[in-house]
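Chemist: Residues per chain are reported as follows:
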Amino acid sequence: MKNNPSKRSKQTKAVELNSSPSASQLSTITRFISEADANDALKQIKTTKDGRILFERYNLVTRILHLVLMVTITVLAFTGLVQINHGSNFGQSMLNLVHGLNNLQEIHHAFAILLALLAIIHLVEIMEKYVVRRQHASMVPVSYDFRSFLQMQRFNLGISKDKPRFDRYSLEEKAVYWLAGSAIVILGLTGVFQWFPLLVTEFLPGKVVPIAGIIHRWEAILLMIVIFVWHLYQMLISRTDFSIFSGLKSKEEMQKEHSLELEYIEKAAAAVGSPTWPVKIELALVNDPDSRIVKSESTK
Amino acid sequence: MTIPKKKNMKKQTKTFQKNVLISIFAGVSFILFSASALTAKAGVLNTDPPPDPFQNPLSGPTTSSLRNPHINGDCLGCHGNPSMMGITKDGEEISLYIQPSEHQDSFHSREGGGCSKFCHEAQLTYPHLKSPADSCPICHWKVTNKPPQENKLIFSLDYNDARQIALDTNASCQKCHVEIYESTTDSAHTRIMEEGNRFAPVCSDCHSGHDISLVTRQSVSDVCKKCHLAEYSTYKGSVHGSALEANGNPDVPTCITCHGSHVVSGPDIADFRAATVKICGDCHSDHSIMDKYNISTDVLSTYMDDVHGVVDFYRKTNFPEVTRAACFDCHGKHNILGPDDPSSNVYPENLQSTCQKCHKDTNIRFPQTWLSHKTIGSGENIGLSLVNKVLMLFVILIAVAILILIIIDARRRISLKIKARSVHEE
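Protein chains in written order, with the working numbering: chain A, 1253 to 1552; chain B, 215 to 640.
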């Protein structure tokens, strides 16, 4: 990959290095971190009794919320699909199982409320973290994500031998988050429109209700594709990542999958106790030792 | 009356002569009897007493209008007499007269059934089981010297009232019509009978007693309106009823098309509510019927896909959602009219009040939430169609993009595995 430093964003700065023969250039990303960021990074580094270092990628609350979200989305998707396919043999047997569609809709509504609660908890959480405490937002796509995404495709297609370094989330994971997140917000709104048509028509023309129904259906299909196809492929097939359940990753796993994040955690944790905030840290972007891992994989 | 054949003539000449006399007599008496019956009927209407046929009953039928009632099976010998009356225990006077043509023209008579063969078995013997033995002096009044009053021969009946006769006789229908009779046990009519309404219809109420007949498309509403007059008059004004009344339209439903004939049911039964979608939908999704009247056949599918119909009333589910609106909740039960009729429930300006039947606080905009059986793709829902297409395109694009990324990723992983395996084998 030929990186032209003049076309980079303001945050990145090209630095000439000659570490790898396959790489022509290596750039860095500059990140200004707050004290809260540094403390969080330090908290993530855990040491086991036998001296191994583990990284806590997700804390307990996040893990529990994800578990609830998982169940909620599955139930909502299932009850929704039965409603779409109510006429099929499968739909009919499911309706029989819950003693009719009214009960099925009660279940759908109950889990929709649960999902709305989860969404509110999440919104409060990110507001507190990124607006009040002004911490680093790990889910916001930055220009580097797009470059690393394209580089990854080149690598996968065999055009380039350089594998990009991945931060906490890759662009594809961020896409899942934003697609699913927006879908959940839209599904919630259109769901309310259908649930309370009388209330809605007090303020809006009646046609919004069938339109909400159409949007609800398509957004639900989109969410199901994103979650059950893409997200599950990413986490179960492309790489087997259960850190959302265990919360922990070994240093080797971090090095292999999130080498940029690993570097960030180590540098941010080292900044704890700094007299001045924010602290500026620099992370190397491309042509990292990770590509050597891939090479060693292929020669096993 | 039969004339004996020639073989019998030689053997029984005396009998023959007697029979000839009897047959001549019978022929004459039949003509006179018919005349007297007609005059008797007319007499009842004109309060003119009929000629007394019992001037000398003990010495045999001296008057020409009387047949011998004691010949086994000649029921009309007595019941062909317009003067025959019965009095029930409740004091109700009922006529025991059967107009001869009534039964002769009926379906049963053509099939060769006599009175006591199937229906009136209990009345096979004299005096009839249900009549007390002291009924003889009513005809043979000379014995007691008590002439009949007002030319009426009044027999005491062992029934409480006229209805009981119909109810008791009704059981005899099941001897031949087993399946139909048993099917009526599920009927709403049978149910209200079991609840204690003795006037709930039995077989003879719809098919009549002696002049029994099949109920036809044309006559069915006449039968039902005997009790359900209010419903009939509403139906008569509906788009279905008016077409039937006007020109016997073969496409429109009659009473029994929806409610059933022998298993009658109504909207107070959950199963009937559930079945109505099929009842209406069967015709209204049939192109061969609807195209003639330029009526959309999408009504069933659009209903099924929309908020009321997703319930799926009529398929295999054992839990029909009786709380959801079925066809008749909006379109009316008997007063069904087209949507362009100002007095129709589904006329645009009446929709708000129609919706209010279930959605109590319906505002003026609420009826627009319902797409009036129009499919999303139809010309009247351009906005919806556009939203639908744009979203479909959006979802398809994202799905394709995801698929491409997965394929790219999977391809590399598979090739890595193959490479690793070949290295391992070497």
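Worth flagging that the hints you see were computed from the coordinates, not collected in a lab. There's no promise every hint is true.
Here chain B is said to cover these stretches of chain A; the calculated rule only asks that three of the stretch's residues, wherever they fall, bring their Cβ under 8 Å from a Cβ of chain B [claimed, not checked]:
id : stretch
1  : 1403-1409
2  : 1449-1457
3  : 1481-1494
4  : 1511-1517
With beta-carbon atoms standing in for the labels, derived distance ranges [to be verified]:
id : chain 1 : residue 1 : chain 2 : residue 2 : range
5  : A       : W1447     : B       : D496      : 53 to 61 Å
6  : A       : N1354     : B       : D500      : 49 to 57 Å
7  : A       : V1524     : B       : L607      : 21 to 29 Å
8  : B       : G546      : A       : V1320     : 42 to 50 Å
9  : A       : N1354     : B       : G546      : 36 to 44 Å
10 : B       : D512      : A       : I1359     : 40 to 48 Å
11 : B       : G546      : A       : W1447     : 50 to 58 Å
12 : B       : K633      : A       : I1372     : 25 to 33 Å
Beta carbons are placed, not taken as given, at the ideal position from N, Cα and C, and that holds for glycine.
Chemist: Look at each hint and say if it fits the structure.
Modeler: Verification of the hints:
Check on the stretch 1403-1409 of chain A: 4 of its residues sit with their Cβ under 8 Å from a Cβ of chain B, so the three-residue criterion for coverage holds. Coverage of a stretch by a chain is defined here by at least three residues with a beta carbon nearer than 8 Å to that chain's beta carbons; for the stretch 1449-1457 of chain A and chain B the count is 6, and the condition holds. Counting residues of the stretch 1481-1494 of chain A whose C-beta sits closer than 8 Å to any C-beta of chain B gives 5, which meets the bar of three, so the coverage hint holds. Residue count for the stretch 1511-1517 of chain A with a Cβ under 8 Å from a Cβ of chain B: 0. That is fewer than the three needed, and the coverage hint is violated.
Our hint of 53 to 61 Å for W1447/A and D496/B is violated, since their Cβ atoms are close to 33 Å apart. Range check, N1354/A to D500/B: Cβ separation about 30 Å, and the 49 to 57 Å hint is violated. Separation of V1524/A from L607/B is about 50 Å and departs from the stated range, judged on CB atoms against 21 to 29 Å. In this structure the supplied range 42 to 50 Å holds for G546/B paired with V1320/A, their Cβ-Cβ distance being about 48 Å.
Our hint of 36 to 44 Å for N1354/A and G546/B is violated, since their Cβ atoms are close to 25 Å apart. Take D512/B and I1359/A: their Cβ atoms lie about 30 Å apart, and the range 40 to 48 Å is violated. Roughly 28 Å separates the CB atoms of G546/B and W1447/A, a value that falls outside the hinted 50 to 58 Å. Distance hint check for K633/B and I1372/A: the Cβ-Cβ separation is about 49 Å, which falls outside the suggested range of 25 to 33 Å.
In the structure shown, a violation is registered for the earlier hints numbered 4, 5, 6, 7, 9, 10, 11, 12, in ascending order.
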